[in-house]
Every structure is written in structure tokens, then in C-alpha cells.
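Trainee: Based on these hints, arrange chain B on the given structure of chain X.
Number of protein chains: 2
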Amino acid sequence: MPGISADAVILGYDGKDIKALLLKAKEVDYWMLPGGFIEKEFDLNTAVHRIVKARTGLEQLYLQQFQFFGKADRNAHQKEHLKSLHQLSLKARTWISQRFITAGYFALVKIDDVLPKADLFSDRCEWIPVDQLPPLIIDHHEILQTALLYLRRQLNYLPIGLNLMPEKFTMPQLQNLYEGIMKQKLDRGNFQRKILKLDILIRHEKLKSGGAHKAPYLYQFDVEKYNEKVKDGIGFV
Amino acid sequence: MPGISADAVILGYDGKDIKALLLKAKEVDYWMLPGGFIEKEFDLNTAVHRIVKARTGLEQLYLQQFQFFGKADRNAHQKEHLKSLHQLSLKARTWISQRFITAGYFALVKIDDVLPKADLFSDRCEWIPVDQLPPLIIDHHEILQTALLYLRRQLNYLPIGLNLMPEKFTMPQLQNLYEGIMKQKLDRGNFQRKILKLDILIRHEKLKSGGAHKAPYLYQFDVEKYNEKVKDGIGFV
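In order, the protein sequences belong to chains X and B. Take the first sequence: its position 143, counting from 1, is numbered 143 in this note's numbering, and each next residue is one higher. In this note's numbering, each number is its position in the second sequence, counted from 1, plus 237.
So here's chain X without its partners, still in its complex pose (with noise of 0.2 Å):
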């Protein structure tokens, strides 16, 4: 379909930063989201699995629609370039260089799960953080910043980390994750108060031996009961 098309902001934790996964494009000195025109036979969701899947090699992801990005002029400044990207049938030029809405979809995954592979437009598909953030081709720094302030905002009333988080860690790493979405330092025993609170944690017995009284407990989530909240929300009602 000629005048949509829809792009995945796939971000990922390394126990450190919150990394978005990057194509670097072909021809032009620009990295891109995972992307690509609608298939007119494809239900939308269907249609977005499978340009993820073309463009970078993953497969089951869990991605949401978050929004729709559909100014006008969106790809203006960059028309020359994008009609001359030689890699592209000529049908797909003419597309990106008339106008076209796109879907913003996201996806949490575990960066060590998943194995990116760039493929024919692009030259590497590579985590990168999203505070060290390339320049991105036509509006695709504005997609992926919206994206994380719906993650931000979804702190509020959804669990976050199943999808992010190892399968046991520590709270202070918890926290690190949290305080990367929000960008803000957060207070620790308060953070550990609210945290334990929501009740989705299973705490883990501290290993007995010389010192290890000082060690951190370690935590995994309650998947059924963090599910729960999924449904239910955590927020007011």
C-alpha cells in the first residue's frame, strides 16, 4: 500500500543502557528503524512481523502500536536522498518519495536473545543507546523518542522488565532500569518500598557462605501475578 508503511522501535536493556536496534542504510549516511511499506494482503499487526523479520532476522516479538506519525511533509527534507537510493525497486522510490503515514509500533526484547542481521539496504543492524543516538533518516528520531515517553508513561500503570530484565537480578539493578526509562535518579528505599508493593517479585534466599551476608537478594518476577497486572493495571481504580 502506497501511502503507508510502518516502523518498529525495538529497545533492549543490557543491565546498563536502554539500546534501540539500528539499521544502518545502505548509500546515505543514515541508520534507521526497522521499516517498511504495508502489504496490501496483510492485516496490519501480521504486516509489521514481517517486515521485522525481512529486515533484522527476529522473530515472535511483542509489538505494540503506540502511535501514528503523519505530517505532511514528514520525509520533505530528505526526498533527493531517499529516490536515490539505488538499492530500492524503483516502485518503492517513487513511494518514500511521495507522501506516507507510518505506524509506530514497539517491542521489549532480551538483547541477548536475539541475533540482528542486517539485510540487502542496510550495511549493519546494531544496538545502540538511546542517549548516543546516530542521526536518524527523515522522522525516525522523533518516532523513537515518542516511543520512549509511552514507555515512561506506561511505567505508571503497567509492570516493565519481564521482557527486559535477566531472569534473576538484584533491585538496584531493577532500579537502574527504571531510572533509565524515566531519566531521573529515583530514592532507593522508596523505590524498594513501591516496588515490593505492587507484589510481582519473588524474592530468592541469599547463598550462605563467608561474607555473603553482604551480598543483595536476588529477585525474579512472579510471571502470573506480574500477568495480572498486565491486565489489571497498577495505577488508581
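These are computed hints drawn from the structure, not numbers from a lab. Wrong hints could be hidden among the right ones.
[Claimed, not checked] Once the Cα atoms are required to be at most 25 Å apart in a straight line, the calculated DSS-like pairs of lysine-lysine come out as:
1. X:LYS183 with B:LYS422
2. B:LYS420 with X:LYS231
3. X:LYS183 with B:LYS320
4. B:LYS422 with X:LYS71
5. X:LYS40 with B:LYS277
6. B:LYS451 with X:LYS231
7. X:LYS231 with B:LYS462
8. B:LYS431 with X:LYS229
9. X:LYS197 with B:LYS451
10. X:LYS229 with B:LYS420
11. X:LYS91 with B:LYS328
12. X:LYS185 with X:LYS214
13. B:LYS466 with X:LYS229
14. X:LYS214 with X:LYS194
15. X:LYS71 with B:LYS328
16. X:LYS197 with B:LYS434
17. B:LYS451 with X:LYS194
18. B:LYS277 with X:LYS53
19. B:LYS277 with X:LYS197
20. X:LYS194 with B:LYS420
21. X:LYS91 with B:LYS263
22. B:LYS431 with B:LYS451
23. X:LYS40 with B:LYS316
24. X:LYS40 with B:LYS320
25. X:LYS194 with B:LYS431
26. B:LYS308 with X:LYS71
27. X:LYS185 with B:LYS468
28. X:LYS225 with B:LYS277
29. X:LYS26 with X:LYS83
30. B:LYS466 with X:LYS183
31. B:LYS277 with X:LYS91
32. B:LYS422 with X:LYS40
33. B:LYS431 with X:LYS71
34. X:LYS79 with B:LYS328
35. B:LYS328 with X:LYS40
36. X:LYS231 with B:LYS466
[Said to hold, decoys possible] Per label pair, the in silico range of CB-to-CB distance:
37. X:VAL28 with B:LEU423: 53 to 59 Å
38. X:ASP131 with B:ASP436: 29 to 35 Å
39. X:THR46 with B:LYS466: 36 to 42 Å
40. X:VAL28 with B:GLN301: 49 to 55 Å
No experiment lies behind these values; they were computed from the predicted model shown. For each residue, glycine too, the CB sits at the ideal point set by N, CA and C.
Mentor: Structure of chain B alone, referenced to chain X:
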């Protein structure tokens, strides 16, 4: 743009029921949300406002995107119906019987503030309670139900009511709105405690007059504090 339309779920509250603004299509026995195809030269958000104004007469709504509806066969059941809408131009009839994706928007309005007007393609434009809906065209029933679901979820992280309640209202009136959105009864004391804790209401003194000690307090929203909560959220963090 042939492949992309927008539909608006415009919700109001009359003190008793949550109602949606719907149009009765001419020639067919279906009602529909105000919507239409996106004009090529306008930003998506601008185009939606133009569509809603043209179809219902309503202006200056705060329309929010909530989801796109992109099933490949979403109009399959009604293709013949749609093709025979003689009020539409040939172009529109062709587009509407081909595949198109729609952007779902919603707005909350005070019913008394607006005077809806039907357009050329509709017999009537009316407020209809969302639990007494007539048959709706294409997937408009799904779009409307999904908007209600989003609104329900928003109760978890945003204050709600400023655009729906009269200027002054009682606590039971506000509770009735929440119950309508949540489709469940709430405990009175619990509701009052939680709402007051949000610190977004101004309480007025009771009028002093005979028997007035039984009158309920009147409240109004503290717009400044309300808008702060809209910005920051009311939830976990």
C-alpha cells in the same frame, strides 16, 4: 489518500449515561462514527479535525489518537453495501470498497456544549448511549469498544472528568461517571478517599439554609492541578 482514513469516537456524559456521537448513514441501515479519508495535503491530525467538523459541525475538539485498525478484510462483509452508497462520489465508493486502514481517534466533550449537525451523507447525527448501540458499519463497533477500553485504562494513570462533567458537581455524580467508564460499581468511601488524594478538586462550602445540612458538597476541578496530573500521571512513579 485512498488507503487511509480516520474515524472519531466522540464521547459525552449527560450525568447518567456515557454516550457516543453517531451518524445514521443514508440509504443503508447502519450507523457510523464520523470519519473519512485523509486529504493528501494535510497532516493526519489536521485532517481528522476537518473530517469531524465537516461531518458533525463540531470544532476545536481535543482529538487523541488511540489505535489504528488495519485488518486486511475489515470491510469485506459490507463491500456491496458500501459500493452502492449513491451519495458518495465514484472515487469514494471505489476507495471504500478497497482495502483501507483507519486511524482511531477519540475526544471527550460536554454534551451541552455542542450542537451536532448531520452532513449530506447522513440522515441524523445523535448522541447514543454506549450500552444501547445500533448496528454500526464496517468495524466501527470494534473501534468504539476499543476507545472505551482505552478510556478505562486511562483511569489508571490520568485524571478524567474535566471535559465531561459540568463545572460544579457532587461526589456521587463524579463516581457515577467513573462507574460508567469502568462498567462496575465502586465503593463510595474508597472512591472518595482516592479521588481526594489526587488533590485535583476544590470543595465549595454548603449553602446555609433550612435542611441544607443534608445537601452534598459541591466540587469543581482545580484546573491547574488537574493539568499537572495530566502531564505527570497519577500512578506508580
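Trainee: X:LYS40 and B:LYS320: Cα distance at most 25 Å?
Mentor: Holds. X:LYS40 to B:LYS320 sits at ~20 Å (cutoff 25 Å).
Trainee: Would you mind confirming whether the straight-line C-alpha gap from X:LYS183 to B:LYS422 stays at or under 25 Å?
Mentor: 38 Å, violated
Trainee: Is it true that the CA of X:LYS194 sits at most 25 Å from the CA of B:LYS431?
Mentor: Distance ~17 Å between X:LYS194 and B:LYS431 Cα, so the pair holds.
Trainee: Would you mind confirming whether the straight-line C-alpha gap from B:LYS451 to X:LYS231 stays at or under 25 Å?
Mentor: 40 Å, violated
Trainee: Can you confirm whether the C-alpha distance between X:LYS231 and B:LYS466 stays at or below 25 Å?
Mentor: Holds. X:LYS231 to B:LYS466 sits at ~23 Å (cutoff 25 Å).
Trainee: Hinted pair, alpha-carbon criterion (25 Å max): X:LYS231, B:LYS462. Please report holds or violated.
Mentor: 29 Å, violated
Trainee: Given the hinted pair X:LYS71 and B:LYS328, is their Cα-Cα distance within 25 Å?
Mentor: 24 Å, holds
Trainee: Given the hint that X:LYS197 pairs with B:LYS451, test it: the Cα-Cα distance must not exceed 25 Å.
Mentor: 39 Å, violated
Trainee: Please work out if B:LYS431 and X:LYS71 have their alpha carbons no farther apart than 25 Å.
Mentor: 40 Å, violated
Trainee: Going straight from one Cα to the other, do B:LYS308 and X:LYS71 come out at no more than 25 Å?
Mentor: 23 Å, holds
Trainee: Take the C-alpha atoms of B:LYS422 and X:LYS40, compute the straight-line distance between them, and say whether it is at most 25 Å.
Mentor: Violated: B:LYS422 and X:LYS40 sit about 44 Å apart, past 25 Å.
Trainee: Given the hinted pair B:LYS466 and X:LYS183, is their Cα-Cα distance within 25 Å?
Mentor: Satisfied, since the Cα-Cα distance of roughly 19 Å is no more than 25 Å.
The earlier numbered hints that this structure contradicts are 1, 3, 4, 6, 7, 9, 17, 18, 19, 20, 21, 28, 32, 33, 34, 40.
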